[in-house]
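With chain C held as given, fit chain H onto it using these hints.
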Amino acid sequence: MKRTLGILCILIVVVIVSRIAEPNFLISRNVSNVTQWSAYFAILSIGAMFVIITGGIDLSIGSVVGLVGCLLPLLIVKHNWSPSVAIPFVIGISATIGVIHGLLITRAKLQPFVVTLCGLMIYRGMARWITGDNNQGFGNKFDYLLEISRWKIPLYKDYVLPIPVVYMLVIAIIAAIFLNQTVWGRYLYAIGRNEQAAHFSGINTNRMKLIAYVICSTIAGLGGILLAFDLNSMQPSSHGNAYELYAIAAAVLGGCSLRGGEGSVAGVVIGAVLLRTLYNANNMLGIPTTLEFVTIGTVLLLGVLADEGVKWYAHRRKLARSTA
Amino acid sequence: MASVTVPTSLIRPPGVPASTIGPLLSATGIVKEFPGCKALAGVSVVFEPGEIVAILGENGAGKSTLMKILAGVQPPDGGELRVDGEVVAFNDVSDAMERGIVLIHQELNLAENLDVGANIFLGREPTRYGMLDRATIRRKSRELLDRVGLTCSPDTILGELSTGQQQLVEIAKALSISARVLIMDEPTASLSHHETQLLYEVVRKLKSEGVCVIYISHRLSEIIELADRVVVLRDGQYVGEIKRVELTREKMVSMMIGRALTTGSERVAHTPGNEVFRIEGLVTEAFPQAASTFNLRAGEIVGMAGLVGAGRTELLRAIFGIDRPLAGRVVIAGQTKPIHSPREAINAGLALVPEDRKGEGLILEMPVRHNHTLATLGRTAHAGAFINRPREVADSREMVAALGTRTASDLLAVQFLSGGNQQKVVLGKWLLSQPKVLLLDEPTRGVDVGAKQEIYRIMEELAAKGLAVLFVSSDLEEVIRMSDRALVMHEGRITGELQRHQLNEAAIMALATGGSLA
Chain C
1 MKRTLGILCI
11 LIVVVIVSRI
21 AEPNFLISRN
31 VSNVTQWSAY
41 FAILSIGAMF
51 VIITGGIDLS
61 IGSVVGLVGC
71 LLPLLIVKHN
81 WSPSVAIPFV
91 IGISATIGVI
101 HGLLITRAKL
111 QPFVVTLCGL
121 MIYRGMARWI
131 TGDNNQGFGN
141 KFDYLLEISR
151 WKIPLYKDYV
161 LPIPVVYMLV
171 IAIIAAIFLN
181 QTVWGRYLYA
191 IGRNEQAAHF
201 SGINTNRMKL
211 IAYVICSTIA
221 GLGGILLAFD
231 LNSMQPSSHG
241 NAYELYAIAA
251 AVLGGCSLRG
261 GEGSVAGVVI
271 GAVLLRTLYN
281 ANNMLGIPTT
291 LEFVTIGTVL
301 LLGVLADEGV
311 KWYAHRRKLA
321 RSTA
Chain H
1001 MASVTVPTSL
1011 IRPPGVPAST
1021 IGPLLSATGI
1031 VKEFPGCKAL
1041 AGVSVVFEPG
1051 EIVAILGENG
1061 AGKSTLMKIL
1071 AGVQPPDGGE
1081 LRVDGEVVAF
1091 NDVSDAMERG
1101 IVLIHQELNL
1111 AENLDVGANI
1121 FLGREPTRYG
1131 MLDRATIRRK
1141 SRELLDRVGL
1151 TCSPDTILGE
1161 LSTGQQQLVE
1171 IAKALSISAR
1181 VLIMDEPTAS
1191 LSHHETQLLY
1201 EVVRKLKSEG
1211 VCVIYISHRL
1221 SEIIELADRV
1231 VVLRDGQYVG
1241 EIKRVELTRE
1251 KMVSMMIGRA
1261 LTTGSERVAH
1271 TPGNEVFRIE
1281 GLVTEAFPQA
1291 ASTFNLRAGE
1301 IVGMAGLVGA
1311 GRTELLRAIF
1321 GIDRPLAGRV
1331 VIAGQTKPIH
1341 SPREAINAGL
1351 ALVPEDRKGE
1361 GLILEMPVRH
1371 NHTLATLGRT
1381 AHAGAFINRP
1391 REVADSREMV
1401 AALGTRTASD
1411 LLAVQFLSGG
1421 NQQKVVLGKW
1431 LLSQPKVLLL
1441 DEPTRGVDVG
1451 AKQEIYRIME
1461 ELAAKGLAVL
1471 FVSSDLEEVI
1481 RMSDRALVMH
1491 EGRITGELQR
1501 HQLNEAAIMA
1511 LATGGSLA
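First to last, the protein sequences are chains C and H.
Per my numbering, the first sequence starts with residue 1, numbered consecutively.
Per my numbering, the second sequence starts with residue 1001, numbered consecutively.
To be clear, the hints were calculated from the coordinates, so they are not data collected in a lab.
Quick reminder that beta carbons are idealized off the backbone N, C-alpha and C, glycines included.
Take these hints with a grain of salt, some might be off.
Claimed, not checked - Calculated lysine to aspartate or glutamate pairs in the EDC-like style (CA-CA distance at most 16 Å, straight line):
id, chain 1, residue 1, chain 2, residue 2
1, H, K1068, H, E1125
2, C, K311, H, E1365
3, H, K1358, C, E195
4, H, K1251, H, E1241
5, H, K1140, H, E1160
6, H, K1207, H, E1033
Said to hold, decoys possible - What the simulated footprint calls covered on chain C by chain H, stretch by stretch (three residues with Cβ under 8 Å from a Cβ of chain H suffice, anywhere in the stretch; the number is not a length):
id, region
7, 91 to 98
8, 176 to 186
9, 223 to 231
The following block holds chain C by itself, in its conformation from the complex (with noise of 0.2 Å):
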């Protein structure tokens, strides 16, 4: 609770800093383009954020994105299938990757890095090899479709609410009922705590891992479908690159810990839209792009130090109020 008022306290300042030194940053449209990509990174964040829970990690995050974001219009407009086919056939994909990651991990014991290192490159070279390394998009054809994408709501003036942002609310809200209010997420936070402890009380460890696994899967695949929609134009090759290093920072940012059982949604989708704003404000300012992953870079190592410094001061406190 304190780190997420922490970020979101950090979120603030920046938002400040960035509106008094360019006038332009809380125009509607920045605003809107701001939120929209920030829903987004927020989405994929949040599955990863129930891998990491379990102490487990997903690097195949952004190739799942790619992977999805060519299939569809390769699906939708060169093999003519319906969108109403295709788009739960992809989803379909990223679920059974996330079965597939699972499996591995728990039943053939191997290393979720190395499992999802694999998985990172695999989907890549899938994407690449499927299309023929061209250029995918929905062309003029299928404008009612992108629309699920790129939709928005008026709110007051011309300010207005992306569509994306609606999704990624919902899935918060299921993902945070999920971890607080049932069994399951009860079990992957203790998963993540002790995973001994956890098996000797009789949670089933495995399946619970394997479940975490499948549900960041297929969010990074229904990520993938939003911005497929939104961009309608996919390289093969580069489409999703890096992803899932903006979801493990948001997550990281956001309160996860990588060892495992720690973290709230909340903080993760404050944690994605820090990391969406700062990319923004660093475009807004005119601090030269190369500079950009600096900027996120710093921040996250300070962010992280500053969560530390914070336990180091609370554990020195208690210890001296016990000693007292």
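Quick look at chain H alone, frame taken from chain C:
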């Protein structure tokens, strides 16, 4: 700056061999305290070159602590160590090594991924022009391996050797730093019969070369075969010594236990109910040759005694579905229940309070409440999915009240509780699952005396309510005090069953060390 003056009595006259000055290694009045317990209370022992000395004592008698002090792993809180009559203070293991004292740990300290030669010279690699001198390593390793009777090449990767061979590599490593005192903590605990014999040969050979071998073992037959002298410790104190000619199993057991043999038990006699639990021919992976069969009746408290590593924990793990047994079956209330996971065990009415409370019993960072309900959350959930919060709060509070767990709030993380209260949280978790059979592995390990009594009371109350209670304990007094009946294990086998009137320390120790009842 104060100048250091060396007492003249400690300066070795030139030309006089060390052994004429004083014994090879002597410890006088060694004291070591740990928070809450005195591990060693003034122990004095002397070791001479060319002898094999066995150190004997029950679990917790202070054997390992003494060995660690001799080898510089831990400094003593009081007392004096002398090597060749010179007072020494070891700051760390390398200080002791410099004087030729080497400890071989129970768990070997070798790098399994490196080859044999690299392991022998780890940290002391011979170099040439700043590069590893592989030829020298190979040549010297060969000589050392020959001395311990290992025929393998120095280039063999250590992990490919058997445990026994690895043990010999560890000895070769000790010899490479010209060890004069070799301390071995249960060296045969994980060796096969053949490997054990091989080790005996090497030990005897070292003895003939003038090395002093100090040896901890729980196996009395082994000590009888090997030792020149047995030093007995009990409750951190030196009890006495037995010379080789006087060495008998009975004498060792009685010295180890010391006080008049306890036969009384504070547990009130009562008639147990019907059989609720039985295992038939259960075989664990750790001891593939030993099949275990026993039963438990309602309202009965059964102790399971034995030495550390006797296979008791492995048996409980197999019963509870953590490890897959190689053979055998579990019968609960007359029905065979296949148990492949803790979940199935819980559904069958079993509960296990594991030995490793922090690693297996609790999720330390989670609050008391969440730990309490971890095993039953699914059972009480709405639609099997949504946590029933009021029920969770009520269940947790009920357990805190019923077990008298002292915690500021049930939302406090369990890591902030004392050992005894942590154990009560584990017990609470299992009581909520309403088991028919409660399995406890070392339930009072690491808890203070008061909490121990409370845990005993809880066990008795549960038995009175009709639960069958099986507890593993390495504490003989505890087994005698609490058991209606005790099973004793040795090397994976149940070597005997003692009824309450037969329970005494001599009988248990005899069975636990592989002997039979007199």
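List of violated hint numbers, smallest to largest | 1, 5, 6, 7 and 9
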